[in-house]
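Colleague: Okay, here's what each chain looks like letter by letter:
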Amino acid sequence: MAMKRKNQRMLFVAAGLSILAFAGVLAFFALGNNVRFFYSPGDLRKLSAPPSGDFHLGGLVAKGSVRRDNDMKLHFTITDGAASVPVIYDQAKYGLVPDLFAEGQGAVAEGELRPDGTFVAERVLAKHDEKYMPPEVAAALKRNGEWKRGQQPAEQAP
Amino acid sequence: MTVMSGWHRFANPTRFSRLSARILPWTLALTLVLFAAGLYLALVASPPDARQGETVRIMYLHVPAAWMALFVYVLLAVFSGMGYIWKHPLADIAAKNCAPIGAGFTLLALVTGSLWGAPMWGTWWEWGDARLTSFLILFFLYLGYIALWQVFEDPEKAARAAAILAMVGLINIPVIHFSVQWWHTLHQPASVFRAGGPTIDSSMLWPLFVMLGAFKAYFVTVLLWRIRAEVAERRVRALQMMQAEA
Chain Z
0 MAMKRKNQRM LFVAAGLSIL AFAGVLAFFA LGNNVRFFYS PGDLRKLSAP PSGDFHLGGL
60 VAKGSVRRDN DMKLHFTITD GAASVPVIYD QAKYGLVPDL FAEGQGAVAE GELRPDGTFV
120 AERVLAKHDE KYMPPEVAAA LKRNGEWKRG QQPAEQAP
Chain B
0 MTVMSGWHRF ANPTRFSRLS ARILPWTLAL TLVLFAAGLY LALVASPPDA RQGETVRIMY
60 LHVPAAWMAL FVYVLLAVFS GMGYIWKHPL ADIAAKNCAP IGAGFTLLAL VTGSLWGAPM
120 WGTWWEWGDA RLTSFLILFF LYLGYIALWQ VFEDPEKAAR AAAILAMVGL INIPVIHFSV
180 QWWHTLHQPA SVFRAGGPTI DSSMLWPLFV MLGAFKAYFV TVLLWRIRAE VAERRVRALQ
240 MMQAEA
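Protein chains in written order, with numbering that gives the first Met the number 0: chain Z, 0 to 157; chain B, 0 to 245.
Simulated from the structure, these hints should not be mistaken for laboratory data. Bear in mind the structure is a predicted one, so any value in this text is a computation, not a measurement. There are no misleading hints in this set.
In silico DSSO-like pairs for lysine-lysine, Cα to Cα no more than 30 Å straight-line: (1) B:Lys86 to B:Lys156; (2) Z:Lys72 to Z:Lys62; (3) Z:Lys3 to B:Lys86; (4) Z:Lys72 to Z:Lys92; (5) Z:Lys5 to B:Lys156; (6) Z:Lys141 to Z:Lys62; (7) Z:Lys62 to Z:Lys45; (8) B:Lys215 to B:Lys86; (9) B:Lys86 to Z:Lys5; (10) Z:Lys3 to B:Lys156; (11) Z:Lys62 to Z:Lys92.
My request is simple: use the sequences and hints to build the entire structure.
Modeller: Okay, structure coming up:
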């Protein structure tokens, strides 16, 4: 009962793709959280010890937390709702933050966590969210209080 | 096979040449019209973004290019599977000629993304980002696929080896798509094809869709051109061989 060659090849492709998908799922769970670009403050709290050396800390820049020193030091707080971490960034030494950096918006800081719990950043990147709208729409939403910067409308929360 | 059924009918090169000759003027016209309309809408008629300002206009190239890079790869893998299982030379030729176009889209998405990232994120490239890295792997998959075709002299052997690479590489497609959901990334999550509807204002969504249509029409046009050229080339080679033998 010899199988037709065409069917043999079809079976080979089907078996190959299934094995590949299975391997992919295994790899996904093996990689797990090592693929993260940044730790959120909540992630840090779950760790037994914070990552040693430089790492990325990401989340929202807490409202009302941004403060600039006279010596160009930028202070702000990164939060993810579950926890928050104060950050210091020396703009005189490492350059200005991107234009998109703002309170209530996403940001990723690269640096080290000091024993006192302050994160000393050497680099600050701004994150953009998935929302795109013209200035008039943003202004109208803000006026109506339906949308505040960095705040997810309830029905759109992931 | 005496009775040609379903899509197998289109695997006949003569029939393909006839059909494609009829379609091509239309797809070419559509490409030109959609690009003219799309570029006008994207660069002139659409509003700036509330936060990004005029930089948002890069999105009208970046997003369609990235979508097409994924779409063309899936199509390439489907053609590869068809060529591998049913041994249709035309499917192999179609897969082979998807590759340079898809690689072009991938490169365009990488370059425009980088140009957007520099002023917005504050960085051209981040190695630790899952979306950026998986997309770069897609580019290398395309290049590897193209290179593999050059390794073998026998087109049948080349098609088989390249098809297997193409199908294995499929695993990268869901990784690219879901990377922004599975892991913390610098890259923003999806704005259009997401649960809960698009988060792009309609004044920006329509120009984006017109640009996507333009990219699609361009792809169909160039792919048909390339396949026709390769079919003709193989025919010439076969005739030369026959002549040499006579």
